[in-house]
Amino acid sequence: MDEMLLGYLLGTLDESQRGEVEARLAHEPEWQRQLDLLQDRLQLLHCAMPLAVPPRGLAERTCRRVFAAAAAGGVLLSPEAPGPVGRSRWRWFDAVTATCVAAALFLLVWPAVQAGRINAQIYLCQENLRDLGVSLVRYSELNHGYFPRVPTTGRMAFAGVYAPTLAQSGLLHETRKVVCPAMRSGASVGLATAGEMPTLDQLQQMPDAELARWAPTVGGSYGYTLGHYAQGRYFDVRNRARSNFALMADAPASAMPGGRFDVHAGRGRNVLFEDGRVELVAETHWCNDDIFSNDAGWVAAGLHGDDSVIVPSATPPVLLDRDF
Amino acid sequence: MDAIVVERCQGKALAGSLDTATDEQLLDQYRDFGDRAAFAALVRRYERELYTYLRRYLGNALAAEDVFQQTFMLVHQKVAQYESGRPVRPWLYSVAVHQAIDYHRRDRRHWLPSLDRFAGTNKDEMAPMAAALSDPAEAAEADDTGRLVREAIDKLPETTRQIVMLVYFQGLKYREVSEILGIPMGTVKSQLHAALMKLNRLLQIAGVSE
Chain A
1 MDEMLLGYLL
11 GTLDESQRGE
21 VEARLAHEPE
31 WQRQLDLLQD
41 RLQLLHCAMP
51 LAVPPRGLAE
61 RTCRRVFAAA
71 AAGGVLLSPE
81 APGPVGRSRW
91 RWFDAVTATC
101 VAAALFLLVW
111 PAVQAGRINA
121 QIYLCQENLR
131 DLGVSLVRYS
141 ELNHGYFPRV
151 PTTGRMAFAG
161 VYAPTLAQSG
171 LLHETRKVVC
181 PAMRSGASVG
191 LATAGEMPTL
201 DQLQQMPDAE
211 LARWAPTVGG
221 SYGYTLGHYA
231 QGRYFDVRNR
241 ARSNFALMAD
251 APASAMPGGR
261 FDVHAGRGRN
271 VLFEDGRVEL
281 VAETHWCNDD
291 IFSNDAGWVA
301 AGLHGDDSVI
311 VPSATPPVLL
321 DRDF
Chain B
1 MDAIVVERCQ
11 GKALAGSLDT
21 ATDEQLLDQY
31 RDFGDRAAFA
41 ALVRRYEREL
51 YTYLRRYLGN
61 ALAAEDVFQQ
71 TFMLVHQKVA
81 QYESGRPVRP
91 WLYSVAVHQA
101 IDYHRRDRRH
111 WLPSLDRFAG
121 TNKDEMAPMA
131 AALSDPAEAA
141 EADDTGRLVR
151 EAIDKLPETT
161 RQIVMLVYFQ
171 GLKYREVSEI
181 LGIPMGTVKS
191 QLHAALMKLN
201 RLLQIAGVSE
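Taken in order, these protein sequences are the chains called A and B. Residue 324, in our numbering, is where the first sequence stops; the numbers in between run on with no holes. Residue 210, in our numbering, is where the second sequence stops; the numbers in between run on with no holes.
Keep in mind that the hints were calculated from the coordinates and are not lab data. Idealized CB from N, CA, C, for every residue including glycine. Honestly, I wouldn't trust all of these hints.
Chain B is faced by these chain A residues, among others (derived, beta-carbon under 8 Å) [unchecked claim]:
#, residue
1, Glu3
2, Gly7
3, Leu10
4, Ala52
5, Pro54
6, Pro55
7, Leu58
8, Ala59
9, Arg61
10, Thr62
11, Cys63
12, Val66
13, Phe67
14, Ala69
15, Arg213
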């Protein structure tokens with residue numbers, strides 16, 4: 001009954017249904033009472049939702065918007081109307097929230113990303129040193145147990161000469177191996193990217209000015225050990241597979257004692273030992289030996305056979321007596 | 001050859017008779033000839049009716065205007081899909097209803113509380129009601145009743161609320177509402193009835209209805 005009466009009040013019944021309802025209303029008081037009740041309820045609904053008058057010019061604005069979109073061949077995203085609050089999907093609150101969330105995520109994730117990047121660079125650096133260690137050991141096997149020599153005099157008297165020496169022996173196939181991946185600046189970075197390294201003959205014959213440019217570069221970002229000077233004589237480094245003798249390492253930024261390091265975010269420097277082992281060493285000392293200066297504290301040739309002194313590429317083997 | 005075919009063959013044959021053309025003829029004219037005057041006539045024809053529906057459903061004048069414009073933007077974009085002879089009114093409502101629902105969902109966080117749904121109503125919009133109730137006491141009582149009824153309507157399920165809006169307030173036929181909402185006609189009838197019963201219960205609890 002209610003559905004029929006409702007349809008009757010809303011005008012949704014067809015002719016025959018309407019006739020049926022009217023007949024019942026005329027003869028059955030219950031139907032009439034129910035109709036009155038429904039009418040009251042509908043009246044309540046009407047009170048709740050008053051008629052709304054559209055804002056002036058709505059149709060015109062709508063047409064302009066649609067025709068502008070049609071002329072542009074697409075959808076006009078910005079509706080033509082006084083900007084309603086919360087019109088767009090993104091409001092200032094959403095934007096601020098999204099920015100805060102992004103910033104929080106960035107702060108949470110960035111340290112981990114950065115730590116991961118540093119770890120990867122340390123690992124790749126160690127790989128370089130391992131490869132160089134293999135080359136150096138192979139060189140010593142071919143040269144009566146001696147590692148590449150750093151001359152004490154002449155144009156080739158600088159530590160970085162070890163690299164072209166290895167290359168000339170066919171033991172250094174990739175020049176990028178002499179540059180730590182963590183190095184983002186400095187002369188040696190060009191060496192890694194350019195992939196060119198002068199030969200020993202070229203170094204011998206190039207003008208002084210050009211040699212001065214190559215000396216800090218050719219040995220890469222790693223320092224190489226000097227020999228030792230004792231009793232007025234300089235001794236080259238001989239391979240005895242010592243576990244505490246440093247052959248190469250991340251070089252300090254300067255050849256001065258206590259020179260600072262720019263690599264691996266201050267976590268230490270990678271050191272290649274004579275036995276082929278590579279370690280990240282936090283201190284400059286190893287078994288009471290400062291591997292970046294001799295026992296007298298100078299960046300010069302070692303004072304005895306176990307006094308390793310690792311120096312940057314351009315550093316010559318300065319010869320100083322123990323009593324200097 | 002019937003009248004519509006003649007009009008198509010003659011291009012903008014409707015130009016002089018936009019007011020008397022049917023909705024379907026106007027949309028045909030816009031689809032086939034890009035006749036902007038026909039489209040504008042359709043927009044003007046539904047300006048009050050569709051806006052009123054959107055205003056009631058969204059409870060926000062600015063949102064209603066936005067969705068109104070978006071509805072006709074979609075009509076323009078989909079006009080090529082319009083099949084001649086298909087009733088335009090349910091089609092228009094169908095677009096508007098879905099746009100309104102989308103808007104509602106999208107802006108749920110910013111949805112105005114029920115009590116304030118008509119708080120932003122301007123004086124022009126409320127003019128018919130104000131004119132009907134000249135006695136301040138009577139107007140205040142009606143306003144209070146209206147608030148309670150609106151709260152009760154807000155508590156109805158989404159589809160039921162749409163049915164109440166479309167059938168009662170917009171005067172659409174059961175068949176049209178069934179088409180717009182994609183539900184059987186019997187469901188429209190039963191849900192409308194159930195909605196009124198539920199509204200009655202809610203209003204009894206609130207002390208508005210006996």
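Checked hints:
1. Here the hint on Glu3(A) is kept, as its CB sits about 5 Å from the closest CB of chain B, short of 8 Å.
2. Proximity of Gly7(A) to chain B holds as hinted, the smallest CB-CB distance being about 7 Å (cut-off 8 Å).
3. A distance limit of 8 Å between C-beta atoms decides the matter here; for Leu10(A) the minimum to chain B is near 6 Å, and the interface restraint holds.
4. Because the beta carbon of Ala52(A) sits about 4 Å from the nearest beta carbon in chain B, less than 8 Å, this interface hint is met.
5. Satisfaction of the interface hint for Pro54(A) is found here, the shortest Cβ-Cβ separation to chain B being roughly 4 Å, below the 8 Å cut-off.
6. A hinted interface residue such as Pro55(A) counts as satisfied when its beta carbon comes closer than 8 Å to some beta carbon of chain B; here the least separation is about 6 Å, so the hint holds.
7. Here the hint on Leu58(A) is kept, as its CB sits about 6 Å from the closest CB of chain B, short of 8 Å.
8. Because the beta carbon of Ala59(A) sits about 4 Å from the nearest beta carbon in chain B, less than 8 Å, this interface hint is met.
9. Hint on Arg61(A) holds. Least Cβ distance to chain B is approximately 7 Å, under the 8 Å limit.
10. A distance limit of 8 Å between C-beta atoms decides the matter here; for Thr62(A) the minimum to chain B is near 5 Å, and the interface restraint holds.
11. The closest approach between the C-beta of Cys63(A) and any C-beta of chain B is roughly 5 Å, which is under the 8 Å cut-off, so the hint is satisfied.
12. The restraint placing Val66(A) at the interface with chain B holds, with a minimum CB-CB distance near 5 Å, inside the 8 Å limit.
13. The interface hint given for Phe67(A) is met, as the beta carbon of that residue sits about 6 Å from the closest beta carbon of chain B, less than 8 Å.
14. Among the interface hints, the one on Ala69(A) holds; its C-beta lies about 6 Å from the nearest C-beta in chain B, closer than the 8 Å criterion.
15. Nearest Cβ of chain B to the Cβ of Arg213(A): about 64 Å, over the 8 Å cut. The hint is violated.
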